[in-house]
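There are 2 protein chains.
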Amino acid sequence: MSLSPVKHIVKTSHKSGLSFESGIDQYRFSMDTTSSESQGAGPSPKKLMLASLAGCTGIDVVSILHKMKVPFSDFHVDVEAELTDEHPQIYHQVNIIYRIKVAEDDQSKMERAVLLSKEKYCGVSAMFSHFAKLEFSIQFNQ
Amino acid sequence: MSLSPVKHIVKTSHKSGLSFESGIDQYRFSMDTTSSESQGAGPSPKKLMLASLAGCTGIDVVSILHKMKVPFSDFHVDVEAELTDEHPQIYHQVNIIYRIKVAEDDQSKMERAVLLSKEKYCGVSAMFSHFAKLEFSIQFNQ
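Going line by line, the protein sequences match chains A and B.
In terms of the numbering used here, the first sequence is residues 1 to 142.
In terms of the numbering used here, the second sequence is residues 1 to 142.
Mixed in with the good hints, there may be bad ones.
In this list, chains with the same sequence are indistinguishable; a pair is considered to hold if it fits within one copy or across any two.
[Said to hold, decoys possible] Heads up, simulated BS3-like pairs for lysine-lysine below, C-alpha to C-alpha not over 27 Å straight-line:
1) 133 / 120
2) 7 / 109
3) 69 / 15
4) 69 / 7
5) 133 / 67
6) 69 / 133
7) 120 / 109
8) 133 / 118
9) 67 / 11
10) 101 / 118
11) 101 / 120
12) 109 / 11
Rather than coming from a laboratory, the hints here were simulated on the basis of the structure.
All figures in this text were calculated on a predicted structure; none of them were measured in a lab.
All chains, full assembly: derive it from the sequences and hints.
See the structure below:
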């Protein structure tokens with residue numbers, strides 16, 4: 001397997017209580033526990049992985065729809081994930097639900113965009129597929 | 001394998017360009033592409049996974065040090081990740097570097113806290129271990 005010359009580096013610092021702040025490029029944001037010790041500084045690290053998954057495939061899909069010149073609106077990506085019961089708890093079943101408004105004639109292009117993200121482009125869903133069963137579905141809205 | 005009755009749900013919406021906004025519980029934050037089409041709305045979804053890893057194990061370690069009554073300061077978790085060259089690009093080698101100030105007598109307790117996070121508590125590193133080679137190291141600072 002060949003490696004990319006690019007390395008990703010993220011630096012994270014303990015703040016107070018159980019909260020941490022990460023720096024990703026020029027962006028900073030906080031995370032916190034979901035236990036009773038939370039200070040409400042930010043989301044749970046584990047759930048952040050689900051946002052990462054939605055953002056990765058969402059960016060792919062928008063990018064592909066732009067290239068296909070497909071007009072769309074009200075695009076959302078919902079991620080619903082079930083955890084194992086034993087510890088360490090990992091995501092076992094993950095449903096990715098795309099909700100979008102496109103013309104009926106363009107629905108097959110949206111299906112193609114989701115397939116391309118899943119099979120070719122989205123590194124995050126490729127990583128998830130190593131530990132979870134992923135299901136992709138599309139809800140076409142009016 | 002038994003599943004937890006808890007389900008994690010994260011909702012993410014397309015904003016403009018290639019940017020998205022996620023809602024995790026009461027928290028909202030944005031993600032964006034790192035390509036030339038970026039509007040600078042937020043970090044890359046993929047790098048967010050590295051913050052998730054740092055936050056997960058960081059929270060474990062602080063929580064364990066608190067239980068062990070180990071005083072510490074200047075605690076940081078750096079994550080350095082190498083990507084595969086082929087697409088979809090995934091993290092292949094991930095180094096987690098803990099940097100902390102603790103009394104010399106407490107260094108073995110810090111080592112124990114990292115080991116417990118790795119082997120028992122941190123679901124995010126358990127998920128990463130399905131697709132990446134993980135290396136853990138501790139740097140004790142004065």
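Hints, verified against the model:
1. 133 / 120: Answer is both: 17 Å inside a copy and 22 Å across each meet the 27 Å cutoff.
2. 7 / 109: Neither way: residue 7 and residue 109 sit 34 Å apart in one copy and 31 Å across, limit 27 Å.
3. 69 / 15: between (46 Å within a copy, 18 Å between copies)
4. 69 / 7: neither (33 Å within a copy, 36 Å between copies)
5. 133 / 67: Classified as neither; 29 Å inside a copy, 36 Å across copies.
6. 69 / 133: This pair counts as neither: shortest intra-copy Cα distance 32 Å, inter-copy 40 Å.
7. 120 / 109: within (16 Å within a copy, 44 Å between copies)
8. 133 / 118: both (13 Å within a copy, 23 Å between copies)
9. 67 / 11: Cα proximity of residue 67 and residue 11: across copies only (25 Å, versus 35 Å in one copy).
10. 101 / 118: Within one copy only: 20 Å inside, 43 Å across.
11. 101 / 120: Classified as within: same-chain Cα gap 24 Å, cross-chain 44 Å, threshold 27 Å.
12. 109 / 11: Classified as between: cross-chain Cα gap 23 Å, same-chain 39 Å, threshold 27 Å.
The earlier numbered hints that this structure contradicts are 2, 4, 5 and 6.
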